[in-house]
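**Student:** What follows is each chain in one-letter form.
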Amino acid sequence: MRRFLLGSIVPAGFAAIWEVAARSGALTFDSLSRPSAILSAGFQGLCDGSILIATGQTFETALLGLAIAAVAGIAAGAVLGLSPLLERIVEPTIESLRPIPAIAFMPLALMLFGFGIAMEATIVAYACVWPILIVTVLAVRGIEPRLVEVADILELPFAERLGKIIVPAAFARINVGLRIAVGISLVVAVTVEIVLNPRGLGYSLVLAQQSMRVDVMYAQLLWLCLIGYVLNALLRHLEGPLLMARRRQ
Amino acid sequence: MQAIARRAVGEAIGAGPAVAMLGVGVSFGAGVARRPILADISLSVGKGEFVSVVGASGSGKTTMLRLLAGLLRPTPGEVLDHGQPVTGPSRDRAIIFQDYSKALLPWRTVSGNVALSLEARRIPAREHAAIIAALLAKMGLDQAANQYPGQLSGGMQQRVQIARALAQNPRILLMDEPFGALDAMTRQALQDEILALTAEQRITVVFITHDLDEAIYLGDRVVALGGAPARILETVDINLPRPRDQLATREDPRFLGHRHRLFGLLRKG
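One line per chain: the protein sequences are A and B, in this order. Position 49 (the first sequence) corresponds to 49 in the numbering used here; numbering is contiguous. Position 5 (the second sequence) corresponds to 5 in the numbering used here; numbering is contiguous.
Calculated from the structure, these hints are not laboratory results. Quick reminder that beta carbons are idealized off the backbone N, C-alpha and C, glycines included. Take every hint as true, because none was put in to throw you off.
Have a look at the derived ranges for each label pair, beta carbon to beta carbon:
id : chain 1 : residue 1 : chain 2 : residue 2 : range
1  : B       : A196      : A       : V90       : 45 to 55 Å
2  : A       : G163      : B       : P85       : 30 to 40 Å
3  : A       : L97       : B       : A33       : 35 to 45 Å
4  : B       : R250      : A       : P84       : 45 to 55 Å
5  : B       : G154      : A       : G116      : 55 to 65 Å
6  : A       : P84       : B       : A248      : 52 to 62 Å
7  : B       : F28       : A       : V195      : 53 to 63 Å
8  : B       : A130      : A       : G116      : 48 to 58 Å
9  : A       : P84       : B       : R35       : 21 to 31 Å
Dumping the calculated SDA-like pairs for lysine to any residue here, alpha-carbon to alpha-carbon at most 20 Å:
id : chain 1 : residue 1 : chain 2 : residue 2
10 : B       : K102      : A       : L162
11 : B       : K138      : B       : S111
12 : B       : K102      : A       : E149
13 : B       : K138      : B       : R187
14 : B       : K102      : A       : P145
15 : B       : K138      : B       : L152
16 : B       : K102      : A       : G142
17 : B       : K102      : B       : G112
18 : B       : K102      : B       : L152
19 : B       : K138      : B       : A199
20 : B       : K102      : A       : D152
21 : B       : K102      : A       : R141
22 : B       : K102      : A       : P168
23 : B       : K102      : B       : G150
24 : B       : K102      : B       : L71
25 : B       : K102      : A       : R161
26 : B       : K138      : B       : S153
27 : B       : K138      : B       : G112
28 : B       : K102      : A       : L147
29 : B       : K102      : A       : A172
30 : B       : K102      : A       : E155
31 : B       : K102      : A       : L82
32 : B       : K102      : A       : G163
33 : B       : K102      : A       : V148
34 : B       : K102      : B       : N146
35 : B       : K138      : B       : T109
36 : B       : K102      : A       : I143
37 : B       : K102      : A       : E144
38 : B       : K102      : A       : V167
39 : B       : K102      : A       : F171
40 : B       : K138      : B       : L195
Starting from the given sequences, assemble the full structure and let the hints guide the process.
**Tutor:** Now the structure itself:
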């Protein structure tokens, strides 16, 4: 609680100064609203459901893209982690694809899928797959060799070896890649919506800006901040018990 | 007497030994860095027999066990499991590692760890509970069924590994200094449990240890490894009555005789 109070000094003070400056007439730019107006716009957006619907659309796409990236990244990462030969074969390809900004694929994705969730999720998946893939390769390399021998002795088939030994054993580290990817997925989803796709939080931001509703725009920015904060806290919270089981070791 | 009885029963069941090593050697590294570890190992273990292997640390004992498990391929030579060449690991040959904490799945409970063997054997899930309960009761783990390995003492963790190995329903049990990291009381309790369990299920055992007393106490025979590369220095028949008893067996004059003989051998080797 104390930490929370200390941490809120800067934003609260900033908001207070902003409010006073706007009301006293010191700030008169069209592009600046004031905190009280922003809060009321945000409250209204929450009440009429517009913010929540946009949030749902953005999340839906981000999570879909993330899920695709997680499945593909973990599976491919595990295979490459287990086979150094295969990794050497595909590494140049990966290293040449990875630096291409996911956003650069927007025109292509638009041609392939048209507007909508598929196009956006594909771009999100492309952006998210790399950190997951790379972290998984390293995590699988670092697995306790004894556990692999246990799988050998029990003659586990490849799929079970992956699902029962390798992925759980590498999970703590894979999770780091997943957390990075969660952040990326939201950034990319909102970006695609701002630039191209007429849905979700990104599009609402653009709409608010184009209709000169600066208060609404700021309210949505604030909302994005809040989402990011809550999401990160949630992920850390989820990670806790999973890591605990390993730390007891 | 039971020692001889064990071997006689084993040999009567089927022809040929449970495990055989024929002129086996192993080297690590290549070129000038090539270092021979084992040379010219020939050994045959009867069905249901309990063979201990002793040797100083670094003498290649673990390498020998990994050959038997199929985790390592011999060059040259051949390893046979009931007459069939060993080409890789098999569920029929369970292995108990010394470092139990690394060999258990830390994200699975005690029951879950044992279940892994049953899953590997494709035993229907509805039968798991009963089999696991029986095994855990046998290993004195019934109270720990839902705990994670990290919450258990070393002795308990090693019991879990043994329970998981038994759940494999192996014909051969390979043990690599399984009690080396445990305190004396726990070690003695586990020694007696392993003797009882493997006799009851007629499992063939190859038991690696650096502890001469343990080797003699447990084994029908003790194989002494030594030299560089390691060879079999001698195989000693342990003519001590079974069931073995922690006090009576260790005080038996023949026990001391074996101890003297092996101690001398290993010091020279």
